[in-house]
Amino acid sequence: MNWQGWAELAFTLALTVLCAVPLGLYLGRVWMGEKTWLDPVLRPVEGGLYRVFGVDPAKGQNWLTYALALLAFSAASFVTLYLILRFQNLLPFNPQGFDGLSPHLAFNTAVSFVTNTNWQSYVPEQTVSTFTQMAGLTSHNFLSAAAGIAVAAALARAFASHRGEDLGNFWVDLTRISLYVLLPISVVMAIGFVALGVPQTLAAHADATTLEGARQTIALYPAASQEAIKQLGTNGGGIFNANSAHPFENPNAWTNLIQIVAMNALSLACVFAFGRAAGAVKEARALAAVMVILLGAASASVYATETANPAPAQAAAGAQTDVNMEGKEVRFGAPSTAAWVAATTGASDGGVNAMHDSLMPLGGGVAMFMIMLGEIIPGGVGSGLYGMAVMALLAVFVAGLMVGRTPEYLGKKVEAREIKLAMLAVLILPAAILGFTAVAAVTPVALAGLLNHGPHGLSEMLYAYTSAAGNNGSAFAGLTANTPWWNTTLGICMLLGRFGYLVPVLAIAGAIAAKPRLTATAGSLPTHGSLFIGLLIGIVLILGGLQFFPALALGPIVEHFQVLAAVR
Amino acid sequence: METAMSDLIFLALGLVVFGVFAGYAVLLRRA
Numbered sequence: 063m064n065w066q067g068w069a070e071l072a073f074t075l076a077l078t079v080l081c082a083v084p085l086g087l088y089l090g091r092v093w094m095g096e097k098t099w100l101d102p103v104l105r106p107v108e109g110g111l112y113r114v115f116g117v118d119p120a121k122g123q124n125w126l127t128y129a130l131a132l133l134a135f136s137a138a139s140f141v142t143l144y145l146i147l148r149f150q151n152l153l154p155f156n157p158q159g160f161d162g163l164s165p166h167l168a169f170n171t172a173v174s175f176v177t178n179t180n181w182q183s184y185v186p187e188q189t190v191s192t193f194t195q196m197a198g199l200t201s202h203n204f205l206s207a208a209a210g211i212a213v214a215a216a217l218a219r220a221f222a223s224h225r226g227e228d229l230g231n232f233w234v235d236l237t238r239i240s241l242y243v244l245l246p247i248s249v250v251m252a253i254g255f256v257a258l259g260v261p262q263t264l265a266a267h268a269d270a271t272t273l274e275g276a277r278q279t280i281a282l283y284p285a286a287s288q289e290a291i292k293q294l295g296t297n298g299g300g301i302f303n304a305n306s307a308h309p310f311e312n313p314n315a316w317t318n319l320i321q322i323v324a325m326n327a328l329s330l331a332c333v334f335a336f337g338r339a340a341g342a343v344k345e346a347r348a349l350a351a352v353m354v355i356l357l358g359a360a361s362a363s364v365y366a367t368e369t370a371n372p373a374p375a376q377a378a379a380g381a382q383t384d385v386n387m388e389g390k391e392v393r394f395g396a397p398s399t400a401a402w403v404a405a406t407t408g409a410s411d412g413g414v415n416a417m418h419d420s421l422m423p424l425g426g427g428v429a430m431f432m433i434m435l436g437e438i439i440p441g442g443v444g445s446g447l448y449g450m451a452v453m454a455l456l457a458v459f460v461a462g463l464m465v466g467r468t469p470e471y472l473g474k475k476v477e478a479r480e481i482k483l484a485m486l487a488v489l490i491l492p493a494a495i496l497g498f499t500a501v502a503a504v505t506p507v508a509l510a511g512l513l514n515h516g517p518h519g520l521s522e523m524l525y526a527y528t529s530a531a532g533n534n535g536s537a538f539a540g541l542t543a544n545t546p547w548w549n550t551t552l553g554i555c556m557l558l559g560r561f562g563y564l565v566p567v568l569a570i571a572g573a574i575a576a577k578p579r580l581t582a583t584a585g586s587l588p589t590h591g592s593l594f595i596g597l598l599i600g601i602v603l604i605l606g607g608l609q610f611f612p613a614l615a616l617g618p619i620v621e622h623f624q625v626l627a628a629v630r
Numbered sequence: 008m009e010t011a012m013s014d015l016i017f018l019a020l021g022l023v024v025f026g027v028f029a030g031y032a033v034l035l036r037r038a
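Sequence lines, in order, name chains A and B.
Under my numbering, the first residue of the first sequence carries the number 63, and numbering increases by one thereafter.
Under my numbering, the first residue of the second sequence carries the number 8, and numbering increases by one thereafter.
It is worth saying that the hints were derived from the structure and are not from the lab.
Keep in mind that the hints are not guaranteed to be accurate.
As the list claims (entries may be wrong) - Not everything, but these chain B residues come out facing chain A in the computed CB check (under 8 Å): (1) Ser13; (2) Phe17; (3) Leu20; (4) Gly21; (5) Leu22; (6) Phe25; (7) Phe28; (8) Leu35; (9) Arg36.
To be verified - One-sided and incomplete, this derived list gives chain B residues near chain A with beta-carbon spacing under 7 Å: (10) Ala11; (11) Asp14; (12) Val24; (13) Tyr31.
We put the beta carbon where it would ideally sit given N, CA and C, even for glycine.
Kindly generate the complete structure, drawing on both the sequences and the hints.
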């Protein structure tokens with residue numbers, strides 16, 4: 063631990079907020095259909111797409127129609143992607159000559175990319191063709207991200223509404239967010255990545271001669287374009303198996319910094335856009351403050367665990383150093399790893415620049431805990447905002463019970479229906495994570511995939527289901543997941559985590575939209591001050607996190623004490 | 008033949024889950 067490390071963490075976080083604020087204002091304009099500086103180029107394209115697909119952009123949708131449109135779109139995406147994956151051997155741009163994926167792997171991968179999880183049970187450079195990567199996977203990085211942001215836009219409109227039911231039009235939101243936000247920023251980022259050394263090519267591989275004179279085949283892909291949307295859309299799926307620890311995905315400190323900032327910036331921008339669209343700028347800042355405080359705390363915790371704890375392998379060798387470099391990319395070291403771990407698990411990104419399995423037990427525990435909190439710090443693009451909004455509704459409800467004030471949030475009364483729906487959403491994560499982990503823990507075919515047993519083995523299973531249900535997609539490593547059991551159950555877990563949360567959230571949006579918008583009175587609980595920020599942090603930690611404490615105690619916490627005992 | 012059956016099973020599984028969520032949404036609307 064040193065001051066340079068702490069300064070790096072603080073700088074990364076500050077830069078993320080600095081990028082998110084203007085991005086949020088721009089995103090808000092896109093949500094509201096206002097004029098942007100890209101209009102002269104993109105308006106005709108947007109209009110053309112509506113004509114081709116028969117979309118009437120003026121036609122609004124109630125929450126149910128909006129939800130069904132999203133589900134229909136996701137189901138069609140799932141089928142399309144499944145077929146691409148299964149029959150990639152018959153499709154063009156397959157210079158590697160890869161065969162189609164097995165049915166259970168195609169199911170897992172299709173679900174994974176449709177739900178914005180991007181869990182990968184396969185080694186990309188040994189499994190997927192260039193066509194699959196571009197037309198199948200990268201395209202879904204855009205579309206699944208846009209779908210999440212669309213739901214956040216619908217929720218913002220619900221709060222702005224006065225006795226209405228119109229949440230906007232899903233097809234319009236999907237088009238505008240893809241066209242005006244994700245595509246242009248990704249193009250700029252991809253060009254930047256190419257300039258910084260990330261390859262962008264349709265060639266299958268490069269041949270090299272090693273120093274010993276051996277021939278080496280180095281896999282290549284159009285990596286820069288994938289890298290941009292991978293981080294911007296909180297997707298995280300690597301084009302190479304080592305993900306952003308691979309020098310082609312993340313060649314240097316600059317690309318590392320850009321990627322950390324990119325994976326959090328748009329999620330945080332959704333909060334500022336929400337404030338603008340819902341007419342609640344101060345309240346949105348409070349939500350952003352909660353996210354930034356918890357994200358900073360997580361970065362600091364991982365940095366502390368990776369530098370302050372005794373490193374077991376080094377202690378056994380008698381080395382006099384506190385820094386545990388096991389599993390970390392030497393180019394980045396502990397601070398850049400800590401900043402990345404917090405960012406990728408808080409943001410439902412899932413890309414890694416170090417293997418989380420190799421972190422100290424408590425470091426891995428923090429990573430898991432961040433996902434267990436519901437991916438709201440700042441969460442996935444769009445999903446982080448609506449997840450935090452659900453927590454805010456619960457916070458005002460709890461505060462109302464404690465002090466006897468009428469629960470209301472952003473001028474809308476919070477009543478029994480909203481709280482029931484909020485609890486339906488919040489409970490889906492523990493049900494999926496703990497339920498599947500419990501079953502896997504007593505199922506031989508599941509246990510056969512573990513590399514370790516005891517507390518670390520439990521962590522590997524728990525992390526896998528947490529990552530899937532939280533739509534994060536990062537792997538703890540140490541788990542052989544490409545088996546029918548893991549591919550199928552993780553796939554179901556991803557669907558539950560995405561749509562089991564999203565459907566009640568849209569129902570909440572419908573209920574909120576139908577209410578009159580009230581003016582705050584002396585009886586209203588202020589939802590923008592430090593008191594509310596503290597309350598919301600408490601609700602997030604207690605409601606989101608405490609239910610996982612027993613499972614964490616049996617995994618990373620026990621392992622932490624085992625490590626302490628071993629090195630003493 | 009076996010692979011074709013597996014394809015049908017996994018495609019059906021995915022579509023059934025989406026169908027369940029659509030039904031869930033309709034149920035929440037009525038509740």
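Here's how the hints hold up against the structure:
1. Ser13: holds (4 Å)
2. Phe17: holds (4 Å)
3. Leu20: At about 7 Å, which falls below the 8 Å cut-off, the nearest Cβ of chain A leaves the hint on B:Leu20 intact, so it holds.
4. Gly21: Since chain A brings a Cβ to about 5 Å from B:Gly21, closer than 8 Å, the hint holds.
5. Leu22: Holds: closest Cβ of chain A sits about 6 Å from B:Leu22, inside 8 Å.
6. Phe25: The hint holds - B:Phe25 has a Cβ within 8 Å of chain A, the shortest such distance being about 4 Å.
7. Phe28: Given a least distance of 4 Å, the restraint on B:Phe28 holds.
8. Leu35: Because about 4 Å separates B:Leu35 from the closest Cβ in chain A, which is inside the 8 Å limit, the hint holds.
9. Arg36: This interface hint holds because 5 Å falls under the 8 Å limit.
10. Ala11: violated (9 Å)
11. Asp14: holds (5 Å)
12. Val24: Constraint on B:Val24 satisfied, holds at 5 Å.
13. Tyr31: Check passed: Cβ of B:Tyr31 comes within 6 Å of chain A, closer than 7 Å.
The structure is inconsistent with hint 10 alone, although it conforms to all the rest.
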